[in-house]
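Here the protein sequences come in this chain order: A and B.
FYI, my numbering numbers position 143 of the first sequence as 771, with every residue one higher than the one before it.
FYI, my numbering numbers position 282 of the second sequence as 308, with every residue one higher than the one before it.
Hints listed in this document are in silico derivations from the structure and should not be mistaken for laboratory results.
There could be a bad hint or two in this list.
To be verified - Label-pair distances were calculated between CB atoms; the ranges are:
#: 1; chain 1: A; residue 1: Phe-738; chain 2: B; residue 2: Leu-110; range: 43 to 53 angstroms
#: 2; chain 1: A; residue 1: Arg-807; chain 2: B; residue 2: Phe-134; range: 52 to 62 angstroms
#: 3; chain 1: B; residue 1: Leu-110; chain 2: A; residue 2: Asp-653; range: 52 to 62 angstroms
#: 4; chain 1: B; residue 1: Ile-299; chain 2: A; residue 2: Glu-743; range: 52 to 62 angstroms
#: 5; chain 1: A; residue 1: Glu-743; chain 2: B; residue 2: Arg-151; range: 57 to 67 angstroms
#: 6; chain 1: B; residue 1: Arg-202; chain 2: A; residue 2: Arg-807; range: 58 to 68 angstroms
#: 7; chain 1: A; residue 1: Ala-718; chain 2: B; residue 2: Tyr-157; range: 36 to 46 angstroms
#: 8; chain 1: B; residue 1: Val-304; chain 2: A; residue 2: Ala-718; range: 19 to 29 angstroms
#: 9; chain 1: A; residue 1: Glu-743; chain 2: B; residue 2: Phe-138; range: 41 to 51 angstroms
#: 10; chain 1: B; residue 1: Thr-189; chain 2: A; residue 2: Ala-753; range: 45 to 55 angstroms
#: 11; chain 1: A; residue 1: Gly-640; chain 2: B; residue 2: Leu-110; range: 22 to 32 angstroms
All residues carry an ideal CB built from backbone N, CA and C; glycine is no exception.
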Amino acid sequence: MLELRAVTAGYGQFTALWDVSLRVDAGEAVAVVGPNGAGKTTLMRVISGLVRPRAGDLVFEGVSLTGRPPHEIVAHGIAHVPEGRRLFPALTVAENLKMGAFLPAARRAFAASLERVFGLFPVLAERRTQRAGSLSGGEQQMLAVGRALMSQPRLILLDEPSMGLAPVMVLRLFDLIRRVREEGYTILVVEQNVRQVLKLVDRAYLLEVGRIKIEGRADALGDQDFVRKAYVGL
Amino acid sequence: MIDPIFLLEAAINGILLGGVLALLALGLNLIFGVIDIVWIAYVDLVMLCMYAVYFLVTVHGWPLALAGLVSVGAGALLGLAVHLLVITPILGTPPVNQLLATGGLLFFLQSFATFLWSTDHKSVRLSLPSYEMAGIFLPATRLIPFAISILAMLGLYLFLTRTYMGTAIRAVSQDREAMSLMGASPQRVYLMTSAVGGAMAGLAATLLSMQYSVHPFFGAQFGPLTFMICVLGGLGNMVGAFVASFVMSEIISVGGVIMSTEMGYVIAFVVFIVMMFVRPAGILGARRE
C-alpha cells in the first residue's frame, strides 16, 4: 500500500533521515519506534508531504507522491495525526471535525463519517459545541484521530498519540486505536511507548539516528533487548 | 450648554458612522488575522473603488446599486491582485518587508490616482430624503450605508461560521500547517480571504461614496482610523474591531458636536493612545496564539 524507497530528508543543513526504506501493506498496523531525535516525526512529515524528501521515492497504492504538497497527499487517502495533535483550539469540536472533511469527496460523506467517529468516540458527540482547546488531553487526542478519520483515509499516520497523556489514558487510547484498526484502517504509528505499541501492531521498525536498524514482526521483536534498544538508543 | 437633542443626534450619527467603519475594520482585520500581514494600503483600495463608483454613476449614468455591484467585484479582483503581486512574493519574510511593500503600494496608488484623476474632490451627487424624528434629522445617505454594513457583516459572520471555506479561513489563522493536512491549499485559502477582504473594501467604497467625495488622499483620511480601530479592538480580533469601531465613531461624532470636528478626531486619537497604555492587547484582549 505504502512504500518508501531510499528516502533521505532533513531541514536545511541537517539531515534527519538517511536512505530509509519502509513498507506498509493494506490492513496492516506498523510501528516505527526509536529514541528521541531518531527522525520518527520527520519520517511522518515526509509521508504526509510537510517535508520534501531530498532523495528517494514515496509510493502510495502504486502512485508516486514524492514531492507533492500535503493537501494533495491527503486527497490520495493518507491522513496525518501530527505530533502534539495540532487541533484548531478556538474552533468547536464539531468545527474541527468539519475541517477534517474539507475535501470535496469527504464533504459528500460528511454525515456518515461523523456517525462513525461519534460511534468510536462518543465523548466527542457530548462535547461537540465545546472549543477544542478546552478538552482534556485524552479527549483532544480522540478529536485529532476523529478529525483525521473525517477525510475518509485508507492509511492513518499517528505521531506519538500517547504524548502528554496520563498512564491510565494511554491504555485507553491504545484500546481506542485498536478499535480504529478493527474498522479496517491501515495504521502507521510512531511511538515512544514501545511496550504498548508492540502489542498493537503486526510489524515494527527501529529507527536510530535517521537510519532503519531493525525490522521485524512485533511478537518476535517484543523481547527485552529490542525494547531496551528502542528506549535508550543502544 | 449644548442642546441635548444635538447630543442625541450626534450619538445616533456616531452609530451610523460606526457601521461603515466596522465594515472597513473587519475587512482589514480579516486579512491580518489570516495572513498575518497588515495591508497598509487597504483604504486606498477603497479609494480606487470609489473612483469606479463615481465614474460609473456620474459619467455613465449607472444607478448607484449597479455601480456598487461592480465596485464589490472590482474590490475582490483588487484583493486577489494585491495578494498575488505584492503579498505572495514576500510571505514568510520579516514583517518590516511586509510593512514596506504594502506601504509602498499605498504611495503608488495615491500617486497613480493623482496622475489619472488630479487632486479634485469628486462626489456622486445623490438626492436622497432625510427623515425627521422628534427634531432629529436622519439622512438616508447615512441610514442606508449603516443598514447595508450591518447586513454585510451578518453575511460575513455566517460565511465564517457556516461554510467550509469560511471555517477553513478561521482554522488557517490558528494553524496553517494543520489546515494543509486537512486538504486545504494555504494559497487557495489566502486568495479567498484576500478576495473577501477586497470585496468588503468595494462595498465600503460604495457606501462611503454616498456621504463623502473621493480624492487621491482618501486613504489618508480613513486609513489611520481603520488601522487604529483594529489595534484598539486587538489585531485579528473580529468582535473587538466591531466594538472598537463604535467606540471611535461615537467619540468622533459626539466630541465633534461638543467641541469641533477636528477636536473630535484629536480626542479619538488621545483615547487611542491612552488605551494602548491601559490595555495594549485591545479592549477585549487579543486572541493571539
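Status of the hints after comparison with the structure:
no. : hint                                       : in the structure
1   : Phe-738/A to Leu-110/B: 43 to 53 angstroms : 32 angstroms, violated
2   : Arg-807/A to Phe-134/B: 52 to 62 angstroms : 59 angstroms, holds
3   : Leu-110/B to Asp-653/A: 52 to 62 angstroms : 44 angstroms, violated
4   : Ile-299/B to Glu-743/A: 52 to 62 angstroms : 55 angstroms, holds
5   : Glu-743/A to Arg-151/B: 57 to 67 angstroms : 60 angstroms, holds
6   : Arg-202/B to Arg-807/A: 58 to 68 angstroms : 31 angstroms, violated
7   : Ala-718/A to Tyr-157/B: 36 to 46 angstroms : 42 angstroms, holds
8   : Val-304/B to Ala-718/A: 19 to 29 angstroms : 25 angstroms, holds
9   : Glu-743/A to Phe-138/B: 41 to 51 angstroms : 56 angstroms, violated
10  : Thr-189/B to Ala-753/A: 45 to 55 angstroms : 23 angstroms, violated
11  : Gly-640/A to Leu-110/B: 22 to 32 angstroms : 28 angstroms, holds
Figure legend: structure checked against the earlier numbered hints; hints not met, in rising order: 1, 3, 6, 9, 10.
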